[in-house]
Amino acid sequence: MSADDDHWMFYFDPNRCIGCHACSVSCKQRHNRDADADDWRTVSHVSSGEYPDFREVPISMSCMHCHDAPCEQVCPPDAIIKREEDGIVTVDRDRCIGCHYCAWACPFGAPTYDEEGLMSKCNLCLGEGPGGGHGQPERQTPEEGGAVPACVDDCVGGAIKAGPKSEIMQEVSEEAAERFEQGAYEGRVIVEPLKEDGEMADSIRNGDELNIVDMAR
Amino acid sequence: MHPSCNGEVNSITECGRGQREYRGCQPMSSDSSLELSRRRLLQTGAAVTAAAAIGGCLSSGEEPDPATTPTGDEEYAYGNCWMCHHACGQELTVREGTAVDITGVDEHPRGSAGPDTPGTLCPKGQAELEKLYDPDRITEPHIRKDGELEAVDWDEAIEYTAQRLHEFDDEHGAEKMLDATSWSTTNFHGFFWGNLYGTPERIGRGRHVCFGGPHLSGDLMGLGSNMRFVDYQHSEYIIAWGRNIFESFAGQWEPKGVLEALDNGATLVVVDPQHTPTAQKADYWLPIEPRTDGALALAMGHVILEEGLYDQTFVEEETYGFEAYEEAVADKTPEWAEDITGIDADVIREVAIGFAEAAPAAGIALWTGVGQYGEAQKASQNVFALNGLVGNIDRPGGFRMWQAPPLANPFQVRDIDLPNNAEGATPALRTYDEYETYPFRHTTGIGHTVVPEMVDNGHLMGMFCHYDNPLTDGSTQAWLEALETMDLVITIDAYWNELTRNADVVFPEAIQLEKDTLINYAPTWSAYHDRRWISGSKAVHEPLGEARPGFEILVDLAEEMGWGEFVPWETEAEYNEDMLANIDYTFEEVAEQNFVLLEEFGYEQWKENGFPTATGKFQFDLDQEEGYVQSAMELGIETGPQWLPPGTWGEEPDDEYPLHFYDTRSVFFSFGADQPLAQLHEQYARKHNLENEEYRGNYLVLNPRDAEPRGIETGDMITVESPAGSGELMAYVSERTRPGFTTAEFGFGTGNSHEEGMNTMLVHDDQHDPVSSQPDRHLAVEVSATGGDN
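If you read the protein sequences in the order shown, they are chains X and L. At position 16 of the first sequence the residue is numbered 16 (our numbering), and the sequence of numbers has no breaks. At position 371 of the second sequence the residue is numbered 371 (our numbering), and the sequence of numbers has no breaks.
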């Protein structure tokens, strides 16, 4: 129910996200994608309440490189690969047939489809461009010479982190670690509990997968 | 793909990429900074070794040879972001002469949270990469021939402009030329237009169009004109007063610093009529009735005095005019303020006590929110008085007085006997009887809203705009007419808009990344609370097309005007070198490292230096400031803190125009020159869930309680109307804004470089703060559905 220790994961702290979309732009530019293409990393602004009891939370999401990779399981031509060496989920665009099964299976709405109809998504900056991660050698950490993922590199609030699970777990709060161990978000991403109160905050705090995903999509 | 650029890459060499190589030559390195730079070092692999072989700190000055560079053809260059001009460090990845990626610089004073922290770039800063290759940029010089703008070569453009300037001087007199330079990367324009051409007419940004009221209040009270920032990292209590620090910041060090303070347990209070990303993170959001900040501040002062929580020693020893303050707040109870501000009296009490108890580690961040309405000078005076009251000035966690590096005057460095051809000339505002009705003439030489009138009167007949667009700054319709009337309009710009299209000369400017740039615009406030610093960078490669650095354009023009003997520099880098004459780094050295930290400075600098005011003390009362006293007498206001209700000078909504209309800044744009970039206007649309509309203009944010009776829904095109005019834009209906309070992002539509959407100043007439001259951007309007769905 959880990733291997050396598999890469994303971490997100809504308390530090200022909702600026620097992650989305950074991703687009790193991977040389047009401004109007669907984002591999999106920022949603989830709000509720009437003025002045208004609340809003920014949520940055991308492919989470799930330990159970539902997209891989449904992909008819086996174009999607959950890599054993680093846990990164890549797509072989030579095999992709553009059937959108992965989009239906993905809990995070991560797959995007370009003019060719083929799927592309976050590859954790293992490579550059659509399909860029496919067939690359094992992901190296920045300390080992690997690239810092673009979204992490330019996150103004320091809200996004990525790395092997064992390393990321050392940087999260006790609360987040505990919640993660208890299976929040089905162990696919580590999310810091929101410090704000309010109904919406409660649902995020509870780690209710349906809520965070539904709200952000 | 980015178009390939033929220009030469000014490689900074691997030596310049991290801090580690500089341990021997800059004072900032630490073991932890070594860690931070590690990722960058390792990315370059063996190239580091190659650079080390060249010799540590020095740039090789040679072109890297791709054949022998083990990493292939990847190089790195630096920039200092000029998208909002607050100079966050930029690092570019360059492949085969083309920049392909951009990110922040670790530990940068403006782009990080300080020592041992990573540097990043906000969306604007990242989009400068797109601007570098934007095919919509102006890339050739243009001059007006037979009524039409025509592309010409540089020689012809310079010759034509010099001739027109001589003719202008003969016909009108040099004193009728207005220097409207904003964001040039040097201060050379001041010498060019003032000393050499000889005009006393100069309009700037901070004081004149950005936050005139607080700028003036800060100056006269003793805080200085850069009164926007708190010593965030050390603060226990931060009040973002009409400031949206997480979305509109003067360098990313601001949101990063606030987040750090919150991590440390600080309390964040946001005073804003609209819910913002900053309010999302706040402990208290005070959804204040618009333009009643002055009342809230006086009531807070009342509580602090009543509770005996003020800093008695500071007040007695370091301030002037406390009696006037006591008198002003005596009857300003929280209950009094509750009626005016809509903020519960108990909350006012709680915040006042919290602020005073946390002081001196408590600070107020205030900028345009309490800067751009009619009564803003007096409102900001009331707010700033709280700093003097609790004694947080230049103390850890309070209001910080940052120090600039000792930059030199390049003319003095070169021993140039520079004439002052403007000597004896006074600005028209202070010369002619026509302007006696403008009280701000006692404290400044010009006002943005009065310029069209001065043009009508024949007192201003020409203008030089360098990366400035007055059409976005207020009185837009009158300014459009003034452009027609002026005899000579010269612009240095990167985009076509109503200003450049109406100019007589259009010089295409290289952008910051294409220039050798030293940040000499206020290198003060930063994540380093106790260090001076300077930041610089060399051009990543040659400019697009025929574009050139603005400095070189003015140098050529000076030569052609016959002033060659006064202008010995050929390049901006040479001028920068002279600016650094008093600093132990050459421009090359600064640029190779992107930034250097200089000497330390301590807190409580007023102990030694006093305050830069008439009395040498922090001034609650401005009755010793001569110009201010005259303005106050003409206006019939107090010189001390005073409550001036909205509508004293500004507009109040009425039956015909029942809605407040105020413009705002989103994180994607600063001035009008960012809006044309697709990455930015695309994400701006996505943030509003309106990406599926073709429209890429700005949005009018209005509450459902205002939208529903008018039949307006998100995505509808609507008309905004005031007595002065109207404009059209798309509606965004949201509970984030106060009923009756509508806002729109500034810098779109007619007059701007991105012409889709509405220029908010089309509905502005000549409203302004009569004390400071700041255009009053807070208007009364009506909105109605017009075009149906777009």
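Note that these hints are calculated values from the structure, not bench results. No experiment lies behind these values; they were computed from the predicted model shown. Honestly, I wouldn't trust all of these hints.
Claimed, not checked - As a list, the in silico DMTMM-like pairs of lysine to aspartate or glutamate whose alpha-carbon atoms are at most 25 Å apart: (1) Lys195/X x Glu260/L; (2) Lys161/X x Glu357/L; (3) Lys195/X x Asp263/L; (4) Lys195/X x Glu357/L; (5) Lys145/L x Asp116/L; (6) Lys145/L x Glu560/L.
As the list claims (entries may be wrong) - Output of the computed footprint for chain X on chain L, the stretches with three or more beta carbons under 8 Å from beta carbons of chain X: (7) 139-150; (8) 731-738.
Said to hold, decoys possible - In silico negatives: residues of chain L with every beta carbon more than 12 Å from chain X: (9) Ala113; (10) Phe249; (11) Leu286; (12) Pro287; (13) Asp339; (14) Trp563; (15) Gln683; (16) His688; (17) Pro704.
Cβ atoms here follow ideal geometry from the backbone N, Cα and C, with glycine treated the same way.
Hints that the structure is at odds with (numbers, increasing): 2, 5, 7, 9, 10, 11, 12, 15, 16, 17
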